[in-house]
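> Top to bottom, those sequences are chains A and B.
So for the first sequence, the numbering used here puts the first residue at 1; every next one is plus one.
So for the second sequence, the numbering used here puts the first residue at 1; every next one is plus one.
In case anyone wonders, no lab produced these hints; they're calculated from the structure.
All figures in this text were calculated on a predicted structure; none of them were measured in a lab.
One thing to keep in mind: the hints can contain errors.
Unchecked claim - Capping the alpha-carbon separation at 30 Å, the derived lysine-lysine pairs in DSBU-like fashion look like this:
no.	chain 1	residue 1	chain 2	residue 2
1	A	LYS195	B	LYS219
2	B	LYS159	A	LYS189
3	A	LYS288	B	LYS150
4	A	LYS195	B	LYS150
5	A	LYS172	B	LYS159
Said to hold, decoys possible - Just a few of them, taken from the derived set where beta-carbon distance is under 7 Å, the chain A residues facing chain B:
no.	residue
6	GLN177
7	THR184
8	LEU185
9	ALA192
10	ALA279
Here a beta-carbon is modelled for each residue, glycine too, at the ideal position from N, C-alpha and C.
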Amino acid sequence: MSTTSPSLGRMSPPLVAPRVTQIVAKTLLWAATALTVGVLVFIVAFVLRRGLPYVTGDFLTEAPRDMGRAGGILPMIVGTLYVTAVAVAVATPLGLGTAIYLTEYTRGGFLTRVVRFGAECLAGVPSIIFGLFGFVFFVITLGMGWSVLAGGLTLAFMILPTVIRTAEEAVKSVPPQYREVAYTLGASKWQAIVKVVLPSALPGILTGIILGIGRSLSETAAVIFTAGSSLKMPVSLFDPARTMSVHFYLLAREGISMPKAYATAAVLVLAILVINATAYGLMHRFMKRFS
Amino acid sequence: MIDAPYRGAEVGERTKIEVVDLSVRYGSSVVLRGVNLRIRERSIHAIIGPAGSGKTSLLRTLNLLAIEVDGARVDGAVTLDGKHLLLGEVPLAQLRRRVGMVFASPQPLPRSIYENLVFGPRLAGVRKRVDLDALVESSLRQAQLWDEVKDRLDVSALKLSGGQQQRLCIARALALQPEVLLLDEPCSGLDPISTLKIEEALTELSERITIVLVTNNTKQAARVGDRVAFFLLGEMVEDAPADRLFTAPSDPRTNDYLSGRFG
Ligand SMILES: Nc1ncnc2c1ncn2[C@@H]1O[C@H](COP(=O)(O)OP(=O)(O)OP(=O)(O)O)[C@@H](O)[C@H]1O
Ligand SMILES: [Mg+2]
Chain A
1 MSTTSPSLGR
11 MSPPLVAPRV
21 TQIVAKTLLW
31 AATALTVGVL
41 VFIVAFVLRR
51 GLPYVTGDFL
61 TEAPRDMGRA
71 GGILPMIVGT
81 LYVTAVAVAV
91 ATPLGLGTAI
101 YLTEYTRGGF
111 LTRVVRFGAE
121 CLAGVPSIIF
131 GLFGFVFFVI
141 TLGMGWSVLA
151 GGLTLAFMIL
161 PTVIRTAEEA
171 VKSVPPQYRE
181 VAYTLGASKW
191 QAIVKVVLPS
201 ALPGILTGII
211 LGIGRSLSET
221 AAVIFTAGSS
231 LKMPVSLFDP
241 ARTMSVHFYL
251 LAREGISMPK
261 AYATAAVLVL
271 AILVINATAY
281 GLMHRFMKRF
291 S
Chain B
1 MIDAPYRGAE
11 VGERTKIEVV
21 DLSVRYGSSV
31 VLRGVNLRIR
41 ERSIHAIIGP
51 AGSGKTSLLR
61 TLNLLAIEVD
71 GARVDGAVTL
81 DGKHLLLGEV
91 PLAQLRRRVG
101 MVFASPQPLP
111 RSIYENLVFG
121 PRLAGVRKRV
131 DLDALVESSL
141 RQAQLWDEVK
151 DRLDVSALKL
161 SGGQQQRLCI
171 ARALALQPEV
181 LLLDEPCSGL
191 DPISTLKIEE
201 ALTELSERIT
211 IVLVTNNTKQ
221 AARVGDRVAF
231 FLLGEMVEDA
241 PADRLFTAPS
251 DPRTNDYLSG
261 RFG
């Protein structure tokens with residue numbers, strides 16, 4: 001471009017007409033989006049195409065036989081949901097409590113920054129390290145053994161940073177006027193948080209929880225060391241369990257049965273899709289009610 | 001200069017709120033100093049003054065929001081029916097219920113009209129549906145909003161127009177059956193019709209409750225105020241019955257402000 005002063009009227013015309021720039025930019029953005037969606041669809045389609053033909057009623061309702069070469073994956077489905085439920089049940093109150101404390105009760109001081117930094121670091125720790133920690137701490141030191149509880153707690157710590165960060169952002173984005181309105185109507189600080197701040201922040205909080213659920217459902221490394229890989233149906237919190245992703249990993253890794261492995265993967269992918277869709281549906285209905 | 005008729009000066013003489021030698025500071029900046037003000041029961045006390053003169057700070061001190069939310073340092077005394085607010089003689093929740101507040105910009109909560117109105121009463125322990133319904137209707141009527149919304153109480157409050165939202169906020173404060181209502185420029189940004197409706201509502205309300213009305217509309221102060229206090233740079237310059245302040249201000253600064261020489 002020219003180096004003359006950019007006074008209006010004397011500027012040299014742009015090398016490319018703005019309309020062309022516009023079209024090029026739009027095309028590039030469209031291509032990026034198409035590529036992203038394309039890759040996603042490809043992966044899902046790949047897994048479903050290989051796995052779905054083997055997903056039958058029996059596959060969903062039977063226990064595995066012969067190390068998983070035959071039979072179904074009912075104990076794995078139960079184990080996955082069980083471990084995830086424990087993780088979410090532990091991480092939600094802890095994460096939400098931390099987020100509320102940080103945003104509402106500290107004035108962005110040193111503590112807030114330390115906790116936030118810690119959470120960020122925690123979020124970057126590879127899941128296998130969580131698995132190792134869970135194994136040493138929950139399984140061995142606390143004597144929980146390989147169990148739903150040990151697996152769930154490990155996953156809880158793994159998803160905690162996500163839950164804290166998203167909840168914090170959600171709580172912070174609630175307009176401060178809402179709190180003041182609550183105060184002027186006789187609410188205490190706590191009542192203002194519970195009755196006004198949290199309902200407004202709920203969609204954001206739920207987003208974090210949904211992300212956490214997704215990670216828990218699909219996590220392999222952190223649970224194989226902590227929940228174990230038992231093929232039996234877990235009943236109590238102290239029973240060992242094998243999650244679907246661990247089952248898939250073992251079936252594929254040991255070359256036990258590729259069809260069963262893909263069928264397991266297909267169920268896992270569908271489960272994640274269904275759970276996300278349901279959660280977002282609920283969220284949408286809730287948001288409609290509150291605005 | 002002022003063409004509106006004045007309201008009679010024979011208003012109640014009992015003191016509802018008394019402010020004695022009040023000063024308010026945010027950090028090192030003093031925003032109110034040495035303010036003395038007596039607010040009489042069942043009257044409309046208008047507060048006027050240029051931007052930054054401390055009107056909002058005064059209002060937010062009367063319900064202690066300045067201390068709780070803004071972290072202001074407050075010295076002096078503020079009494080409500082003789083009870084010292086700064087000494088905590090009235091519990092905070094009780095104070096907020098007895099002294100309602102309406103902000104300058106309408107602040108509906110993101111929920112239905114009905115839920116906005118019953119928020120305060122529910123917190124105060126009103127549970128029965130019939131009681132809540134009665135409070136909703138009476139407060140909406142007092143705020144002159146009932147006819148416009150009676151068929152759509154379930155609609156989100158955010159769907160109302162700005163003027164309706166502000167009247168909803170007044171109704172919401174009234175649903176707690178307060179003794180005092182603090183209003184911070186409630187008509188700024190509203191059309192003349194909405195403004196008129198709010199002024200009518202306030203005039204009617206002042207037969208039962210005490211109203212402190214901050215306004216940067218001098219004519220509004222003249223129309224509805226029984227007494228008017230003029231603030232300038234954190235000081236209360238003059239406080240007098242409306243007719244006197246507007247016709248024969250005793251302080252030259254008041255005169256300057258009213259004749260548009262500054263502000
Ligand atoms: N939370 C706060 N922290 C620090 N300073 C504040 C705060 N609130 C108000 N102030 C300062 O106090 C002074 C008085 O402000 P205030 O809002 O009371 O004025 P006002 O008379 O209501 O003005 P306006 O007519 O513009 O609403 C201003 O200088 C303002 O900057
Ligand atoms: Mg103000």
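> Look at each hint and say if it fits the structure.
Each hint tested on the structure:
{"no.": "1", "hint": "A/LYS195 to B/LYS219", "result": "violated (39 Å)"}
{"no.": "2", "hint": "B/LYS159 to A/LYS189", "result": "holds (28 Å)"}
{"no.": "3", "hint": "A/LYS288 to B/LYS150", "result": "holds (21 Å)"}
{"no.": "4", "hint": "A/LYS195 to B/LYS150", "result": "holds (25 Å)"}
{"no.": "5", "hint": "A/LYS172 to B/LYS159", "result": "holds (24 Å)"}
{"no.": "6", "hint": "GLN177", "result": "holds (5 Å)"}
{"no.": "7", "hint": "THR184", "result": "holds (4 Å)"}
{"no.": "8", "hint": "LEU185", "result": "holds (4 Å)"}
{"no.": "9", "hint": "ALA192", "result": "violated (10 Å)"}
{"no.": "10", "hint": "ALA279", "result": "violated (21 Å)"}
Going down the numbered hints, you'll see the structure goes against 1, 9 and 10, while the others check out.
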